[in-house]
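K.L.:
Each chain, written out:
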Amino acid sequence: MRVGVITFPGTLDDVDAARAVKHAGGEAVPLWHGDHDLRGVDAVVVPGGFSYGDYLRCGAIARFAPVMQEVVEAARGGMPVLGICNGFQILCEAHLLPGALTRNHKLHFVCRDQWLRVENNETAWTSRYDRGAEILVPLKSGEGGYQADQRTLDELEGEGRVVFRYVGENPNGSRNEIAGISSANGRVVGLMPHPEHAIDALTGPTDDGLGVFLSLLDAVVSA
Amino acid sequence: MTLDTVKNAEATPEQEQPYRELGLKDDEYARIRDILGRRPTDAELAMYSVMWSEHCSYKSSKVHLKYFGETTTEAMRAKMLAGIGENAGVVDIGDGWAITFKVESHNHPSYVEPYQGAATGVGGIVRDILAMGARPLAVMDPLRFGPADAPDTRRVLPGIVAGVGGYGNCLGLPNIGGEVVFDASYAGNPLVNALCVGAMRVEDLHLAHASGTGNKVILYGARTGLDGIGGVSVLASETFDDTAGKRKKLPSVQVGDPFTEKVLIECSLELFREKLVVGIQDLGGAGLSCATSELASAGDGGMRVRLDRVPLRATGMTPAEVLSSESQERMCAVVRPEDVDAFMAVCAKWDVIATEIGEVTEGDRLVITWHDEVVVDVPPRTVAHEGPVYERPVRRPDDQDRLQADTPDALPQPAREELLDLVKTMAASPNLASKKWVTQQYDRYVRGGTVLAQPADSGMIRIDEDTDRGVALSTDCNGRYTRLDPYAGAQLALAEAYRNVATTGATPVAVTNCLNFGSPEDPAVMWQFEQAVRGLADGCAELGIPVTGGNVSFYNQTGATAILPTPVVGVLGVIDDVRRRIPTGIGAEAGETLLLLGETRAEFGGSEWAHVVHGHLGGLPPKVDLAREKLLAEVLVAGSRDGMLSAAHDLAEGGLAQALVETCLIGETGARVFLEGDLFTELFSESAGRVLVAVPRTEELRFTDMCTARGLPWRKVGVVDPESTSLEVQDLGQLDLAELRAAWEGTLPALFD
Chain W
1 MRVGVITFPG
11 TLDDVDAARA
21 VKHAGGEAVP
31 LWHGDHDLRG
41 VDAVVVPGGF
51 SYGDYLRCGA
61 IARFAPVMQE
71 VVEAARGGMP
81 VLGICNGFQI
91 LCEAHLLPGA
101 LTRNHKLHFV
111 CRDQWLRVEN
121 NETAWTSRYD
131 RGAEILVPLK
141 SGEGGYQADQ
151 RTLDELEGEG
161 RVVFRYVGEN
171 PNGSRNEIAG
181 ISSANGRVVG
191 LMPHPEHAID
201 ALTGPTDDGL
211 GVFLSLLDAV
221 VSA
Chain L
1001 MTLDTVKNAE
1011 ATPEQEQPYR
1021 ELGLKDDEYA
1031 RIRDILGRRP
1041 TDAELAMYSV
1051 MWSEHCSYKS
1061 SKVHLKYFGE
1071 TTTEAMRAKM
1081 LAGIGENAGV
1091 VDIGDGWAIT
1101 FKVESHNHPS
1111 YVEPYQGAAT
1121 GVGGIVRDIL
1131 AMGARPLAVM
1141 DPLRFGPADA
1151 PDTRRVLPGI
1161 VAGVGGYGNC
1171 LGLPNIGGEV
1181 VFDASYAGNP
1191 LVNALCVGAM
1201 RVEDLHLAHA
1211 SGTGNKVILY
1221 GARTGLDGIG
1231 GVSVLASETF
1241 DDTAGKRKKL
1251 PSVQVGDPFT
1261 EKVLIECSLE
1271 LFREKLVVGI
1281 QDLGGAGLSC
1291 ATSELASAGD
1301 GGMRVRLDRV
1311 PLRATGMTPA
1321 EVLSSESQER
1331 MCAVVRPEDV
1341 DAFMAVCAKW
1351 DVIATEIGEV
1361 TEGDRLVITW
1371 HDEVVVDVPP
1381 RTVAHEGPVY
1391 ERPVRRPDDQ
1401 DRLQADTPDA
1411 LPQPAREELL
1421 DLVKTMAASP
1431 NLASKKWVTQ
1441 QYDRYVRGGT
1451 VLAQPADSGM
1461 IRIDEDTDRG
1471 VALSTDCNGR
1481 YTRLDPYAGA
1491 QLALAEAYRN
1501 VATTGATPVA
1511 VTNCLNFGSP
1521 EDPAVMWQFE
1531 QAVRGLADGC
1541 AELGIPVTGG
1551 NVSFYNQTGA
1561 TAILPTPVVG
1571 VLGVIDDVRR
1581 RIPTGIGAEA
1591 GETLLLLGET
1601 RAEFGGSEWA
1611 HVVHGHLGGL
1621 PPKVDLAREK
1631 LLAEVLVAGS
1641 RDGMLSAAHD
1651 LAEGGLAQAL
1661 VETCLIGETG
1671 ARVFLEGDLF
1681 TELFSESAGR
1691 VLVAVPRTEE
1701 LRFTDMCTAR
1711 GLPWRKVGVV
1721 DPESTSLEVQ
1731 DLGQLDLAEL
1741 RAAWEGTLPA
1751 LFD
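Line by line, the protein sequences are chains W and L.
Residue numbers for the first sequence follow our numbering, beginning at 1 and rising by one.
Residue numbers for the second sequence follow our numbering, beginning at 1001 and rising by one.
So here's chain W without its partners, still in its complex pose:
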């Protein structure tokens, strides 16, 4: 399994995403923001960070990077794509996922160990979890409040496309406590929390996040 991990200038969690892919038994393939080529990967992770500094609006510039044109095209063809944190913001800006991420409701950056409920285990990135399972992974973001219009929210809820939901106190004011969503075909998933920071209990709060990358292994092998 070859999984591309994109680095934009300002990407920070690319080393962690690559490590998580390796822990799950995959090969991490570095992709550069200026590349016009996905180097034959089976899936792509768009990691967290502050692409191009995110001084305009998170992800607003990264969506125009050459490599993102390739990602959008591949995603339309069914390639699994995971956007974590800034990656989620970029996927929303690129219209691979609906809605937008806004400033946390308390206006502070929040770094904490966050409980999430897996609401949908039928996506390419969540098949290893039980539906309704609760997992503990780090959340660390300043603009993590998920926003969408009512119709989009109804659609997401109705189609079971809310993949992860915050458990307990809403950490950032996300509507419907949404932590992560998927595309209609379940191949593209974006979430604000960081499963790649929870692959062992030494450097993360748990190893609960590893399931995301193991799920991908299943999705790629069975495809």
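Honestly, the hints are just simulated from the structure, not real lab data.
Be aware that a few hints might be false.
Derived lysine to any residue pairs resembling SDA-like cross-links, with alpha carbons at most 25 Å apart [claimed, not checked]:
no.: 1; chain 1: L; residue 1: K1630; chain 2: L; residue 2: R1710
no.: 2; chain 1: W; residue 1: K106; chain 2: L; residue 2: K1007
no.: 3; chain 1: L; residue 1: K1007; chain 2: L; residue 2: R1031
no.: 4; chain 1: L; residue 1: K1349; chain 2: W; residue 2: K106
no.: 5; chain 1: W; residue 1: K106; chain 2: L; residue 2: P1430
Sample of chain W residues facing chain L (criterion: CB under 7 Å; computed from the structure) [to be verified]:
no.: 6; residue: L12
no.: 7; residue: F50
no.: 8; residue: A60
no.: 9; residue: F64
no.: 10; residue: L136
no.: 11; residue: K140
no.: 12; residue: Q147
no.: 13; residue: T203
Cβ atoms here follow ideal geometry from the backbone N, Cα and C, with glycine treated the same way.
Since the structure of chain W is provided, determine the placement of chain L on it from the hints.
P.N.:
Okay, now just chain L, sitting in the frame of chain W:
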């Protein structure tokens, strides 16, 4: 305005110059004229004034700092690859890895503009680490503020915390520790110290020097603007009252751009990997003045710089302004001519602006031209290394005896039935309360190497993923102890940082410091400084670990009142296998016994109890016993290595009571405690050299036998009780953990949300 060239200066020897406004004294100005044999040009005056400022030249502290070198033995130096005088100290930690770490102050800018002051403090220290050739791996920030409930603290603290987080988070460095301390003496002068630690392979060490005639000098990173001009001379070297009316065109506080710094880091590391750099220097305080003169001064030749080539972001800047601008996110490299193209290609890949601005020349002059006219022609050592040195008057403060005689012995102590409530009240007091409100604004996970972070006793990061080798870091200082006895206070700071590192299972190996004091022109402050330096140096010699670097920040005062003397001490430890780390919270294993290592005496001078309950500061600080600290550390490291300890927590401010509260709350587990003797002393004394450990029952005998054999006093003080939801103190009663948590965690949000 005509350009003030060297020729012009020679022709107009009598021209009046604003040297006093730039912070130079009459005799300093006279010395510059003497060195040059003429009056300095505007540009030269700008260079000398910033480089001879207190901040850059260490002119008041130099005579005292020498003592660190005098007390460092060859054995202590054995693992040191670079020491005081370099951008940061470097230590060999084995397996071919070298660690570099340093703390710096950014106190004054952070008071003027909290967010940017704190942000650029992080940026500056990270570039220092980068300039050694290392990848920066983590940061931590020791912070000190006025009273938690003071209106100005509400202005300063949230901005500083957001600045530290905003810059560090965007830069992608985990924040793994630090301190937040409140005291009235910091009300008009908060302390913002920033630490960074980085790692490299031993052979990749880079030192700042410009060698090899014909080598090119390349400036790369951000453009140069009008921000921060005169920052070091204006802000860091005077008290605020003097300077209010003398602002420059733009605020003297620089503005940070962490994205540019992140790119600069990755770009620099690629340049190092490709072996394209001969010498490197970051641009921080004093900007290009500092970088060019230091590089040239440390090399073996002279340097010629074409200043008009420097990419600018403002129009109409004068040579003096370009030289003294403190625009952030810039580096200066010395590169072999044949590597220039490859160097430029790497910079282009990262979209980093790089410009060849000069070259290393024969001879020993630093010559700077502006459109082919010579505006600077100086011996670089006179700018960078041969600044003025002052033997400031030193005098023990008149009130020191009175202060020490005013012991806490007469303070009313709580009745037995009040003790349990006091545990909770103390846990909720600002200095002891949970700092989660602050630290949850910092990313502690990025890069995936963080093994321990706040609120653990020390931060710990994994250096090598294959071998699990790692380092631990802690910073500490209790300014009240140092006020009561600066010599002992500095040693207590050292002892606590040392103990904190050992408490997580790491072996302490090196020390850095950030010495924050009042005005050096006050003999009482200089006495505090001299005593603290001697205490710290003697302490390091006794513990056998070297001071590898440090920073001095003077003029920390409002009006005539100095801050508490605050020598922040950072200790670096090494751990062979980070999987052996000792956590701070109990409950990791079923069936644990709680042991108290060390001895408890009735020591309340400078204690948190005297401060919180009585607002009292007097007497003597707790006794220091460094031989005992060393033994304690050895026992803790042995306990970690042999898997005998399941948790450990250092006893510090607030004593055993606070350690118990924290170990229970962090571990989310209850405990039953039985104490003997005077319960007030047992709970709240701040005797040094003590650690609370949790030992699995199966290891209890083995561990206590080891303590006894090695002569370390120990006492069983309780048991961990996973079934319990409270902290029970025998004969006193129980404290519900949920209530305790609400008290401990509620204080800061109530003040700052």
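K.L.:
For every hint, state whether the structure bears it out.
P.N.:
Results of checking the hints against the structure:
| no. | hint | in the structure |
| --- | --- | --- |
| 1 | K1630(L) with R1710(L) | holds (12 Å) |
| 2 | K106(W) with K1007(L) | violated (60 Å) |
| 3 | K1007(L) with R1031(L) | holds (20 Å) |
| 4 | K1349(L) with K106(W) | violated (38 Å) |
| 5 | K106(W) with P1430(L) | holds (22 Å) |
| 6 | L12 | holds (3 Å) |
| 7 | F50 | holds (5 Å) |
| 8 | A60 | violated (14 Å) |
| 9 | F64 | violated (15 Å) |
| 10 | L136 | violated (13 Å) |
| 11 | K140 | holds (5 Å) |
| 12 | Q147 | violated (22 Å) |
| 13 | T203 | holds (5 Å) |
When the structure is compared with the earlier hints, violations turn up for hints 2, 4, 8, 9, 10, 12 and for no others.
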